[in-house]
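Asks: Each chain, written out:
Protein chains: 2
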Amino acid sequence: MAENRQVLIASLPTGALASSDFEMRSAPMPEAADGEVLCRTVALTIGAGQRAGLQGSASYAGAPEAGRLMGGSGVAEVVESRADSIPTGSLVSAPTGWQAFSTHAARHVHLLDAGTDPATALGVLGTNGLTAYFGLLEVGRPQPGNTVVVSAAAGSVGHIVGQIAKIHGCRVVGIAGADDKCRMLVDELGFDDAVSYKDPEFRSKFKDATPDRIDVYFDNTGGPVLESALFRMAQGGRIACCGVVSQYDTSTPGPGPRGVPGLLVNNRVRMEGFLVFDFADRYEQARRDMSQWVADGSLKPKVTEFHGLEEAPQAFVELLAGRTVGTTVVTI
Amino acid sequence: MAENRQVLIASLPTGALASSDFEMRSAPMPEAADGEVLCRTVALTIGAGQRAGLQGSASYAGAPEAGRLMGGSGVAEVVESRADSIPTGSLVSAPTGWQAFSTHAARHVHLLDAGTDPATALGVLGTNGLTAYFGLLEVGRPQPGNTVVVSAAAGSVGHIVGQIAKIHGCRVVGIAGADDKCRMLVDELGFDDAVSYKDPEFRSKFKDATPDRIDVYFDNTGGPVLESALFRMAQGGRIACCGVVSQYDTSTPGPGPRGVPGLLVNNRVRMEGFLVFDFADRYEQARRDMSQWVADGSLKPKVTEFHGLEEAPQAFVELLAGRTVGTTVVTI
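For the record, the sequence lines run as chains A and B.
For the first sequence, this note's numbering gives the first residue as 1, with consecutive numbering after it.
For the second sequence, this note's numbering gives the first residue as 1, with consecutive numbering after it.
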C-alpha cells in the first residue's frame, strides 16, 4: 500500500530559519474512520505567521515541538469519504499539514467548487485574503480619499490590502523590501507609490510618498517600519496590527517602537491588533466580494509557486527572506 | 499702581526639572481692552503634562521658550470687566498662566458659580476630571465586572479614573509609586487593590492583583509600566493612552514597550490615544455627572495644595517627583 510522506519539524529554529530545521519521512498511510475523509494534498500555502508558530509560547498558534508534523493549510482531493456530507472526489480546503495524505472529520474541511484554482482558494479566498479584507475594512476603516499605507506590501496579505484600499477610493502606498517589488506594486497592481525600507533614503522617500500623512496603516511587520509609520500618522489615524514579520525569524526580538504611546496621544491614533478568526461568521460575504473583484479585474492575486512537498522547507526559507511575492504555494 | 508678578521659564530643562528653571519677575499691570476682562488669579493647577510642554516640539502644547511666561490654567476673580457677558466680581476659570493678573477676551474665560471651590473647579470639574471621564468611558469603554487598571493612580487624573470605574461596577487596580499612595487608594478611595511599581516584587504582585487579566488599562505613564500592563491584557482589552509621565522629566526618552505590536495582535488589543479637547462639546454633561458623584460621596477628589505664586516652581518639581497626590493646586 502507498506510504504517506511528511515534513517534520526537526529542530526548533533559534535564529533565521533553515531548510535543515525540517526533515522528510515516510509514514503509514492514514485511514479514515467513520465520519472522516481521507485527503490527498494538492497544494499547501505557507505564511510568514507560521514562523511565529515555531517560537513556542510566543504565538497564538500554540506551542510546537521538534519531531512533530509541520502544520499548515492546504487544498486537497477527497480520495475516500466515510462522511455523507463530503463526496469522494471532492476538492476541499483543510488543515492538512505538510504531508501528502491526511484524515479529517468532515466538519473540519471546507468544500470547494469543482475546478477551483488551489492557489486562489489558498490565497485571495483563503486566510490571506480574508485577513486583508477584515483587517483593512473593519480595523483600519478607510474612507475614500484617505492615505493607506501597507507594509510587507508585496506579501500574501499586503498585496491584497493595497488593492482593496484602491477599490475603496484611497491613495495607497506600499512598503516592501526590494525595488523590483516596489515597481511591481505600482506597475502591475495599481499602487499609487511604493518605497523600499532598505533604500538608504527611505525616510525622505516615505515622507514624500505620504504628503498628507497616513490615515490608515496596515502593519504586517512591526519593528522599525512600524516606528517610521507612527511618525507619519495623521490625526485620528488607525493602525491595524496584523503581524510582526520583522520579529519572527529571530531569537532576539527588538525593543518596541519609539513613539508608543506618546505619538498615539498627540495624534489621537488608534492601534488595534486583530486575528482573522474573529470574523469567521462573515467569511462568505468577504469571499463573495473578493471573487467579484477578481472577476472584474480590480483585484489581481499574485502567487509564488513551488513544486513538490520536499520543496516546502525551502519555500518557507525563501518567504522569510523576502524572496517571494504574493501568496506562497507549494503544489504536490 | 500695583505691579503684576509672574513666573517665567528661565531655561528649558534638559533633564529632571529644577525650581531654578524658573524665575520670578515683576511686570507692569496688564490692562483690559474692550471686550476683555482683567483677572486676579486665585489658584493655579499644575499637571505633569505641562512638563512635556517644556520639551519643545515634542508636545501638542506647542513650543516653549526661555524667557516666556509659564503657561497654565487657573481660577481667577474678575477685578475689572469691559465685557458685557462677564460681570466684575465673577469667578472664572481661564488660561491665566503663572501670574497674579491676566487679561482675557471674554470668550476665553469660563464663568463659575459664585462660591465654587477653586480646587474643585481646577480638579475634578476641570481638565483633569474631564480627561479621566472621557478617557475612561469613551476610549476605555469599561463594562461592569471588567478589571480596570490605572497608572499614576494617585495622580490628578488617575485617582478620578479609578473612582469612576468603581462607580461603573468594575474591579479597579491602581499602580502608583509609593506604598502610602497605594494604601490611600484602597483605604480612602475604594480601589480594590493597588501596587507600587517601585516594589521589588511588582511583577508578581501585579499579576496577583489582576487574576482575570486586564480589560481596560488607563495609561498615564508609558514606559515600563505600560509594558507590564501589555503583558497582562485580556483578549479584546482596551488601552486608553492619556499621557507619558515616565518620559516627561528626562531628555532621553526610552525605547517603546516590548510587545508592541505582537501582543496587540495575539490578544486583539486596542490601544488608543486621546486628547480631552476633542470632547469639548460634551463637557457640560460630564461636569453634571461628576458634580452628582461628588455630592453623593461616590467620588472623592484629592488635592495637594501649595500657597503662594513663588511656590509654583517647587510644586511642579514635587509633582514630577511623585510627591503630590490628586490635583496639585497653588493658591495665590
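Simulated from the structure, these hints should not be mistaken for lab results.
Just so you know, not all the hints are guaranteed correct.
Unchecked claim - Which residues of chain A face chain B? A partial, calculated answer using Cβ under 10 Å:
| no. | residue |
| --- | --- |
| 1 | Cys242 |
| 2 | Gly243 |
| 3 | Arg268 |
| 4 | Val294 |
| 5 | Leu320 |
Beta carbons are placed, not taken as given, at the ideal position from N, Cα and C, and that holds for glycine.
Asks: For each hint, tell me whether it holds in the structure or not.
Replies: To see whether the hints hold, each was checked on the structure:
1. Cys242: The hint holds - A/Cys242 has a Cβ within 10 Å of chain B, the shortest such distance being about 7 Å.
2. Gly243: Given a least distance of 6 Å, the restraint on A/Gly243 holds.
3. Arg268: holds (5 Å)
4. Val294: violated (27 Å)
5. Leu320: Hint violated; A/Leu320 Cβ to chain B Cβ min 16 Å, cut 10 Å.
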